[in-house]
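**Student:** What follows is each chain in one-letter form.
Number of protein chains: 2
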Amino acid sequence: MSVRKPTTLTLPVPLPLDSGQALDAAQIAYESYGELAADKSNAILVCHALTGDQYLASTHPVTGKPGWWDRMVGPGKPIDTARYFVICANVIGSCLGSTGPASPAADGKPYAMRFPVITIRDMVRGLVGLLDGLGIERLHAVVGGSMGGMQALSLAANFPGRTERVLAIATTARHSAQNIAFHEVGRQAIMADPAWAGGDYYASSKQPDAGLAVARMAAHITYLSEEGLTEKFGRRLQDRPDGSAGEKSFGFDADFQVESYLRYQGSGFTRRFDANSYLYITRAMDYFDLAEEFAGEQGGGQLAAAFAGSSARFCLVSFDTDWLYPTAESRHIVHALNAAGAPVSFVELSAPYGHDSFLLDVPPLDRVVRGFLGG
Amino acid sequence: MSVRKPTTLTLPVPLPLDSGQALDAAQIAYESYGELAADKSNAILVCHALTGDQYLASTHPVTGKPGWWDRMVGPGKPIDTARYFVICANVIGSCLGSTGPASPAADGKPYAMRFPVITIRDMVRGLVGLLDGLGIERLHAVVGGSMGGMQALSLAANFPGRTERVLAIATTARHSAQNIAFHEVGRQAIMADPAWAGGDYYASSKQPDAGLAVARMAAHITYLSEEGLTEKFGRRLQDRPDGSAGEKSFGFDADFQVESYLRYQGSGFTRRFDANSYLYITRAMDYFDLAEEFAGEQGGGQLAAAFAGSSARFCLVSFDTDWLYPTAESRHIVHALNAAGAPVSFVELSAPYGHDSFLLDVPPLDRVVRGFLGG
Chain D
1 MSVRKPTTLT
11 LPVPLPLDSG
21 QALDAAQIAY
31 ESYGELAADK
41 SNAILVCHAL
51 TGDQYLASTH
61 PVTGKPGWWD
71 RMVGPGKPID
81 TARYFVICAN
91 VIGSCLGSTG
101 PASPAADGKP
111 YAMRFPVITI
121 RDMVRGLVGL
131 LDGLGIERLH
141 AVVGGSMGGM
151 QALSLAANFP
161 GRTERVLAIA
171 TTARHSAQNI
181 AFHEVGRQAI
191 MADPAWAGGD
201 YYASSKQPDA
211 GLAVARMAAH
221 ITYLSEEGLT
231 EKFGRRLQDR
241 PDGSAGEKSF
251 GFDADFQVES
261 YLRYQGSGFT
271 RRFDANSYLY
281 ITRAMDYFDL
291 AEEFAGEQGG
301 GQLAAAFAGS
311 SARFCLVSFD
321 TDWLYPTAES
331 RHIVHALNAA
341 GAPVSFVELS
351 APYGHDSFLL
361 DVPPLDRVVR
371 GFLGG
Chain R
1 MSVRKPTTLT
11 LPVPLPLDSG
21 QALDAAQIAY
31 ESYGELAADK
41 SNAILVCHAL
51 TGDQYLASTH
61 PVTGKPGWWD
71 RMVGPGKPID
81 TARYFVICAN
91 VIGSCLGSTG
101 PASPAADGKP
111 YAMRFPVITI
121 RDMVRGLVGL
131 LDGLGIERLH
141 AVVGGSMGGM
151 QALSLAANFP
161 GRTERVLAIA
171 TTARHSAQNI
181 AFHEVGRQAI
191 MADPAWAGGD
201 YYASSKQPDA
211 GLAVARMAAH
221 ITYLSEEGLT
231 EKFGRRLQDR
241 PDGSAGEKSF
251 GFDADFQVES
261 YLRYQGSGFT
271 RRFDANSYLY
281 ITRAMDYFDL
291 AEEFAGEQGG
301 GQLAAAFAGS
311 SARFCLVSFD
321 TDWLYPTAES
331 RHIVHALNAA
341 GAPVSFVELS
351 APYGHDSFLL
361 DVPPLDRVVR
371 GFLGG
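As they're listed, the protein sequences go chains D and R.
Letter 202 of the first sequence, counting from 1, is numbered 202 in full-length UniProt numbering, and no numbers are missing.
Letter 42 of the second sequence, counting from 1, is numbered 42 in full-length UniProt numbering, and no numbers are missing.
Each hint should be verified, as a subset may be incorrect.
Remember, identical chains collapse to one label, so a pair may be satisfied in a single copy or spanning two.
Here are the simulated EDC-like cross-link-like pairs (lysine to aspartate or glutamate), alpha carbons at most 20 Å apart as the crow flies [as the list claims (entries may be wrong)]:
(1) 65 x 361
(2) 232 x 289
(3) 109 x 24
(4) 248 x 292
(5) 248 x 18
(6) 248 x 289
(7) 77 x 35
(8) 40 x 80
(9) 232 x 361
(10) 77 x 361
What the hints contain is simulated information worked out from the structure, not anything from laboratory work.
Computed from a predicted model, the values in this text were never measured in an experiment.
The shape of chain D in the complex, shown without the other chains (with noise of 0.2 Å):
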């Protein structure tokens, strides 16, 4: 892929991992909007989800597309640039910059299955490497969907002194069994692949991309409802090349429209993205429970505990049509905020669009993210 070199910052210290083991020299890349304030006091971080990248409200470089929150950040948009400095980061473990299983360990050869196994707690770890960086102590806000929920909770609840407020949108504090399993089937699709070849395929000719689109369809299914699949495709039938009325084939070519939207979810997202890279997020997503990470000696973690050092206003965020991260799990973080008796707020938009919601056209959410963060 060529395509312009993103902005980073090298990290002076080692990065320690929940693992045991560190990152050395781990880069982070960003793109920041907006100016910041002199006093450093309007900074807002946005963390990206399993996916997502540092491509905020940017141009992404290998897409084309774009920023994939672009109608949420911008001048007098709800994250405003005008007012706020906005920063979003690749995670550590992801291929768009950061550092990851793509990049060079040290005899310079990719990492690629040698990339230790990372956390939650890790991206957060490093993103906070990126503020002390940039000399920014406490942002206004920590925000994300998804797994960038999970890293705005990890943030709250392991560096509670370096935000103010915390908006939480379509997301959980655990993965569930099912969510587990989903990731598990994705996994095993690129791990099936012989051009996985082990993770080695970097100065290969064939890549595992039949494996990661796979991964990549499995996974688009459990971010979008079955009222939006039923509305958006339903049954219908692809129209033909000649653009007449599409019949059934009575063959294996992509009968269905949501047979054709799907493939092309699917090769979409191999131009843009890494196997390893894929593994290891999901790896971390999985891991995560952040209850766990506050247990007692006794184990058996409570939620609030994870927030009792805390001093932020929270604000989460769930949709009705989300069976990802169903409201209900939403609902677990807020009772443990109420239980840490930290200040939360709390709303379930209806949408159409499933986990999705967060990245679609759902007016609501731009008034409550607007909302949370001048209040």
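Dock chain R against the given chain D, drawing on the hints supplied.
**Tutor:** Only chain R this time, still in chain D's reference frame:
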């Protein structure tokens, strides 16, 4: 696979298919239990699900496991073989003795992808051919869960004189966009496996087991409820080989019990099922839309029309945790039966196991089955 030879009936005339093709000398492999009454009035046809087979209440020749509905079928059991003559046949397209992609075509080589694409109605045509061969004009009942339920409904609609009772469990009258999407992921996983080789793997030393296992894993998640997975596995870790309590490995082995379970489900499946059969049968299910089959000239079929000629009594059963074919799908069928003036009873049962509830220990289901068949 060296296994005991299945009991088969060869259809005396070519089996016509919805694609316009026909299957010559199609074989239908079946098992039967109990005694056919002299007046042939006590026959019950049980239709199997996607990965099921004719070994309803007898030992599976490959796995050595008891029949898949052993708890339901036998002397004194809800489907009482002391009273009824119970038949279960492998559907065409499958791989346990009925004609399918692994069967020899006219040239003596396996059909592989030369096998015609079939539909649920084609499967039912094969089953009716078997009934003809056995001299059974009118069934006491046709019974099926999941894809078996689709066949039961299709038989009632397309061969309205052939059964007195229809018992359709955990099923639907049409595959939704989400249903199709999950199947498409499975098909793509199989076809992405280089060992699939365009379907021509029968003479090869390599079989597309990796792809088929991924397909099975993805599908298996849809058979279980989120609650069931949480109850059965939660976030519990695997015990170590030495028996000590599990810890996170910070690697990609199966750390979580749910991962290990899924891998086991995937690999076990490949020992008993043919990858091409999986492609063909999922395609048949995705094509299933009973209302469409009975659409008028203008299209836009009304499901009620499918049942207009039926003289059977119907019973529909759904499970409250089934998110693959949720209760709303059964209710949709019930409304159509009401509109067609057909006698129908309907019950939604509470069971924690999701879609797979129809196969598991749900005593209220036993009572419903016994009552409906005996009434």
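**Student:** May I ask which of the numbered hints given earlier this structure violates, with the numbers listed in increasing order?
**Tutor:** Violated hints: none; all satisfied.
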